[in-house]
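Q: Protein sequence lines correspond, in order, to chains A and B. Following the numbering used here, the numbering of the first sequence begins with 1 at its first residue and continues without gaps. Following the numbering used here, the numbering of the second sequence begins with 1001 at its first residue and continues without gaps.
Possibly wrong hints are sitting among the right ones.
Said to hold, decoys possible - In silico lysine-lysine, DSS-like type, Cα no more than 27 Å apart, as pairs: (1) A:K23 / A:K139; (2) A:K314 / B:K1004; (3) A:K314 / B:K1020; (4) B:K1004 / A:K113; (5) A:K138 / B:K1004; (6) B:K1004 / A:K319; (7) B:K1004 / A:K224; (8) B:K1020 / A:K315; (9) B:K1020 / A:K137; (10) B:K1020 / A:K139.
Worth flagging that the hints you see were computed from the coordinates, not collected in a lab. None of these values were measured; they are calculated from a predicted model.
As a plain string of letters, each chain reads:
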Amino acid sequence: MRKKRVLLSPLDPVHDIGLKMIKNALDEAGHTTFLLPPDVTPGEIVEEALDKKAEVILLSRTLGYGVAELLGRFVDLIEGAGIRHQVQLGIGGMAIKPELAAELGFDQGFGPKTPVEEAVAFVEGRNYVPTQEASTKKKGNLLRERTYDYHHEEINSLLEEISEKTLEWYREVDSPGVRRAELREAGSAGGQDYLELSSDSIRDFFKEGILPSGLRLIGEEEQKSLENVIATGRVENPRILQRQPHQPLVFIQYGTGCPFMDIAHIKGTEAWGADGVVHFDPSWGAKTEGLLAGLLSHEENGSVLSEKNLELIKKALEKSTLWQVRAHRGLNTPETVLLAGEAGADLTKINPVYGSLGGGTDPERLLADGLKAMEYAARYNMPFDMPTNEELCGVPAFKAFAGMLIVTQLGLALGAKPVLQPLFCYSPEMMLGGQMEDNYIDYNAAKVMALRGIIDAPIWAGAPIGFLTHTEERVQSAVSTSFHAGMAASLDIEGISIASTDEAYSGGPITLPARIDTLQGTGEAFRFLGSAGMQPTSRAEEWAEELTSNILRVLKEVAKNGSFLDSLYQGILGSKEEGAYPGRNGRRTVQKRR
Amino acid sequence: MDAKTRVVDALDIETFLICKNEEEGRRISAGLMESMGCSDFDLVYIHHEGIGARVRIRAYVNRPGDRYTWLEGGEKDA
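Hey, can you work out the whole structure from these sequences and the hints?
A: Take a look at the structure:
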């Protein structure tokens, strides 16, 4: 290939880095280049082109004002000088659109983010073929290399004591939720025995075909159309948000009500860098005994848990996407984990403490069901996280953490892999106590430091990070998520759940662009920080120590009480005064095992 | 009163379009703005991946130096 003489000139008052990069690539390829300084007039460029006997002229323009007139004048001058047929003209930069360049008589226009290689191909008269790199995105490992070793002996021994007694109780009990899961396992979901253990709405559906209000069955034709969209919309080149291995995996939560809209959101968020997606079911599902069947759409928030809905969603997921189906707070906890495991979910969510103190389910029922669910989680090798959302009711973090650590030990004893989920939030405790008046870093950092000082377990902050810091204004909302994501990266935690910029908007469904907003913000936070990080003040360490000693005190109280379950009712892990109310759904349904 | 005349400078449409590629996304964006009666528009941002494109489409109502529609007596075709 013949080497060429190339004149490069920025048509701006300042230099364009893009032209310098192209010059370097052309030099490396053996071409002769002449880079003019900034702020040169079109007339001077033409003179230089004549003087240097340029065969190619590459211009750049960043500023948008008057760009069409300026470039039009340049082309006129080139034509006036009689060299238009001797030179190839290329123009690129932020202000350039390929269609505008063509309209003005340039041979090629390069829009923003054009690869340097494309400009080199233009100079060399080659067609530019983008390198089709196979996506390198792999499914993330939320557990990393965490060992589950305890660093705090006294807490470890209390947890073992509480856990052993709780498991002794569990081996003696049974519940409709546990029995339905066992029937589902035996292939009898929807059968007579199953329906006897279910709510009226579930019986009406299976026996009479009556759907609860707001639900509809999705037709086959609709499903086929959706499958076509999915087939043509595979995410070939998903964005990878993390720049460093210590930066956390990023999860979004979906549950628009309709599995089709969920899939549209999932595909969009996968493309924009989500590492995992979390299935949210309707709130009434937590109060209903039994699960529906079929491909079902729901008019309100929360997507129905059914085998077909989950199958369809699974089919749409990219291989690199982690999928969590949550099961932490209702009367179908064991069945949900079983269904999730069968559908191929990677993760689930179980926390009998939050589910019973803040989620409305009776503690006894949810403890029995939660433990059964942990057995399924272990069987399907699905790590489960334990959200400590009771903090949002007003329960102090140390009490929520004491409960979470008990559940951690129970999960470990049952062979499962628990994931700690402290909230990165502006909780009522903080509002009243003022720990976050100065900054949002110290107290959240203290939570992570306290947990890390107790056990080497994976941490997935949630859910979503920045809870109660978001407003309806989208920039504020995205920035808040972005800062919290940066903090999570600085604290070396394994995962985060992020909100959309619709987090504080309650007037209607969340939109996909609102989800993309915060993924972009999170990516920018990771890019901004790289290996650097946010630094808490010395208060974080003091608060971490305070949290640890308070956790220890609560665990001693639970051990002294002798029953984890009774401690839930007695308010040791969150009292009514603090805002924790033992739930009533499913009360008195736990029986002695038959 | 045409509500659009009170827009200080521009309307931004932020959305996600289901489309096969960026080119189709551009065409749909143009069609969307035309269907909304906006003739002076620009596609500020478009990025296609997977099932569609995230776009920010801008319809200018008043550009600096115009006789602004929001000034008394300044109405023009928005």
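Q: State for each hint whether it applies.
A: Evaluated hints:
1. A:K23 / A:K139: violated (39 Å)
2. A:K314 / B:K1004: Status violated; Cα separation ~44 Å.
3. A:K314 / B:K1020: holds (22 Å)
4. B:K1004 / A:K113: violated (34 Å)
5. A:K138 / B:K1004: Measuring from Cα to Cα gives roughly 48 Å; hence the hint is violated.
6. B:K1004 / A:K319: violated (46 Å)
7. B:K1004 / A:K224: violated (41 Å)
8. B:K1020 / A:K315: holds (20 Å)
9. B:K1020 / A:K137: holds (22 Å)
10. B:K1020 / A:K139: Given pair K1020 of chain B, K139 of chain A holds - Cα atoms ~26 Å apart, limit 27 Å.
The structure fails to meet hints 1, 2, 4, 5, 6, 7 from the earlier list, while all remaining hints are met.
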